[in-house]
Amino acid sequence: MKREDFLRESVVQMRLNSKMTVNELIQQFSNSGCFGAGRLSTACDIFEQMIRDDECTIFLAMAGAVVPAGLRTVISDIIRKKLVDVIVSTGANVVHDLIEALGGHHYKGHWLVDDSLLYGYHIYRIYDVFVPEEDFVKLDMVMADMFDEIARENKGHTLSSRELAREIGSRLRDSNSILRVAYEANIPVFLPAIRDSEFGLFYRFHMKRHSEDKLLRVDAFKEVSEIVDLAIKSPRLGMIVLGGGVPRNTIQHAAVTAGKGLDYAVVITMDRPETGGLSGSTLEETVSWGKVKKKAAKVMVIGDALIVFPMMVAAVLERLGDNFVRKAV
Amino acid sequence: MNKAQRIRGRKSEPRSKFCGNCYYHDAYEYPDLIICKLRYPNGTDFVVSTLECCENWEPDPQECFCVQEALEKRNRNSVEHHKE
Chain A
1 MKREDFLRES VVQMRLNSKM TVNELIQQFS NSGCFGAGRL STACDIFEQM IRDDECTIFL
61 AMAGAVVPAG LRTVISDIIR KKLVDVIVST GANVVHDLIE ALGGHHYKGH WLVDDSLLYG
121 YHIYRIYDVF VPEEDFVKLD MVMADMFDEI ARENKGHTLS SRELAREIGS RLRDSNSILR
181 VAYEANIPVF LPAIRDSEFG LFYRFHMKRH SEDKLLRVDA FKEVSEIVDL AIKSPRLGMI
241 VLGGGVPRNT IQHAAVTAGK GLDYAVVITM DRPETGGLSG STLEETVSWG KVKKKAAKVM
301 VIGDALIVFP MMVAAVLERL GDNFVRKAV
Chain B
1 MNKAQRIRGR KSEPRSKFCG NCYYHDAYEY PDLIICKLRY PNGTDFVVST LECCENWEPD
61 PQECFCVQEA LEKRNRNSVE HHKE
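Going line by line, the protein sequences match chains A and B. So in our numbering, the last one in the first sequence is 329, and the numbering has no gaps at all. So in our numbering, the last one in the second sequence is 84, and the numbering has no gaps at all.
Think of the hints as simulated: they come from the structure by calculation, not from any bench. Every clue listed holds true.
DSBU-like, lysine-lysine: derived pairs with alpha carbons at most 35 angstroms apart:
#, chain 1, residue 1, chain 2, residue 2
1, B, Lys73, A, Lys108
2, A, Lys138, A, Lys108
3, A, Lys138, B, Lys73
Selected chain B positions facing chain A (in silico; Cβ < 8 angstroms):
#, residue
4, Tyr28
5, Glu29
6, Tyr30
7, Ile35
8, Tyr40
9, Gly43
10, Glu63
11, Phe65
All C-beta atoms in this analysis are idealised placements derived from N, C-alpha and C, irrespective of residue type, glycine included.
Looking at chain B on its own, in the form it has when it is part of the complex (with noise of 0.2 angstroms):
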């Protein structure tokens, strides 16, 4: 099973309360960065992390990656700095 299969797979399970798994984003720089469509137009802090949350968090009714990616890239980056 690849990684689209399995995540696509999870489809019935609740979303973690991350911004990448919030309704109102687009990807800013994928999969770390995600731009706010609530915030941008406020033009404050509208560039957040995927792996934030606020109180305006909605779930995505539609599955992206952006949370999956982010998520293994930070565990990734983690192993390699207890290598260090």
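Only chain A is shown next, with the shape it has when bound in the complex (with noise of 0.2 angstroms):
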């Protein structure tokens, strides 16, 4: 590269004003180019791209406490507009989309609190959420119940996690919960950390009360055939990633098994490269797995997906207006 070639596109300065939305302020956040602003700029641009893409399949990765902070409505609204077409999350983003679909509450707590105390009014504590432990309880007891069910009419066939989530959510009535509108839509939902979670105490209720043979079969490696197969029949893989860790490799493995990698990827952290974990581990370095193309269109925006998706997805709606409707791919 020459001097000139570094020196080709100026910073232009910010303009703000009281009438603006949110796309017009990511559009400033373009003109900038800079930092998170210039990140996430270029993150509502790949979202668009790949929404606009006919043969792309997009998926997205949920980790971290995402539901019970308030992202729970905006992933079962992008759901619901078919913007996402493949849900990989934790285990924990699920039990906190069930803990409200039967009517608990996540509320607004302080980080800064004595958390011995929380211990004694058993209220749990999500950094500055707190959930009482009594949610919890019920949806240990609903949930055993509705393995029970499951187990029954399921009669000793193994279900995967995409197919459990499916049968769950077949039974909720809470049509702002992520695993019912993903079952109305047909959207397949992979929960490949389930036992990490309180899906683990579910089970174990539901094991201590019945028989070997009546109990619920679920195969963890199942869904690997199920997602792989989705993305060798997509000409085009998209992933959106809140958070990281299991639900970000799941995808990156799928694209990789199914030899092609990546189309277009955007990652929202706040973790870092250096620990070598894969929840703050560079896009360039997944490159060099054959996870993402190199060629890709691609970005990490640093910063809490609380403030980030929700602004990505307000500035990506806004350019796609109230009509437009995604063709299935």
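If you follow the hints, you should be able to join the two separate chains into one complex; please do so.
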């Protein structure tokens, strides 16, 4: 590269006004093009490209406590609008979806609190979100009964986490529930780390009440073929990651196993790459594995998903307009 | 001294034999009802009053406010009942 190549595009100072929309603000971020503002505007562009690409299957990875903190309806709305095609989530986010689906609540709290006092009051803390223990307890009971019913109806048939999520979604009545909306929209939900959450306790309660032959059977490996087959059938692959961890790598593994690599990738995280952990690993590092294509449209936004993702969705919805209908892949 | 400090100040006192002081409990309708984790897998009578007790009682190694608050509530209700 020559010297002038490094000095091709100048930073345009942002201009704000009292009437600007979210997308107009993002456009100002784009004019800057720097730091988090530049990355967020690029993330919006990539998300819009994925949606407008009729041959792209969009995977959404959810890790971290995005549902307890308030992204539940944002996620169920984009599922309903079919702006994503596949959900891959931690078990925990779905557990918190279920808590709300059954009438429980998450409460605004504080990170500076006497946690032993919370313990005494049977209240759990997720950074600055409080959840009463009874919401988990009641969920355990409802879900253990639901597991009994699903086991009875499936008569020894072994389910994948996707099939289990669909069974649960079909039994919920809350129209804002991620699992319910995914069921209605026929969007698969994969829960690759399902046992590492309250789901493990649901199963334990269910297990203690039944003999071996009457137990719900879930095979952690069954979903591997399911998600890889989805990737194989899709001409192009896109990924949006809230957090990282197991959900992110489940998608990346599917892409590389399908022999393709991802064409679009947006990762929103606050983790760092130096540990070698996947939540903080850069998308350039991911290219070395073949999980993301070298020429993919990709960006990593270092920021709180609770701020970044709603802005991204709001800006893209504004660009698409109310009448936009995405073509099914 | 607030309520929490008062309750924490009693840490070393022996705990009264109530389900709400038993090791095997979680909140169900705080502070009145708890779920007994021993009975729950058997599917019978697992939602019990915080102020009940059974022969499987095990003292809770950590402090919670279930019994204190259930007793206060019961006393309040009793006073209100007498006023009527």
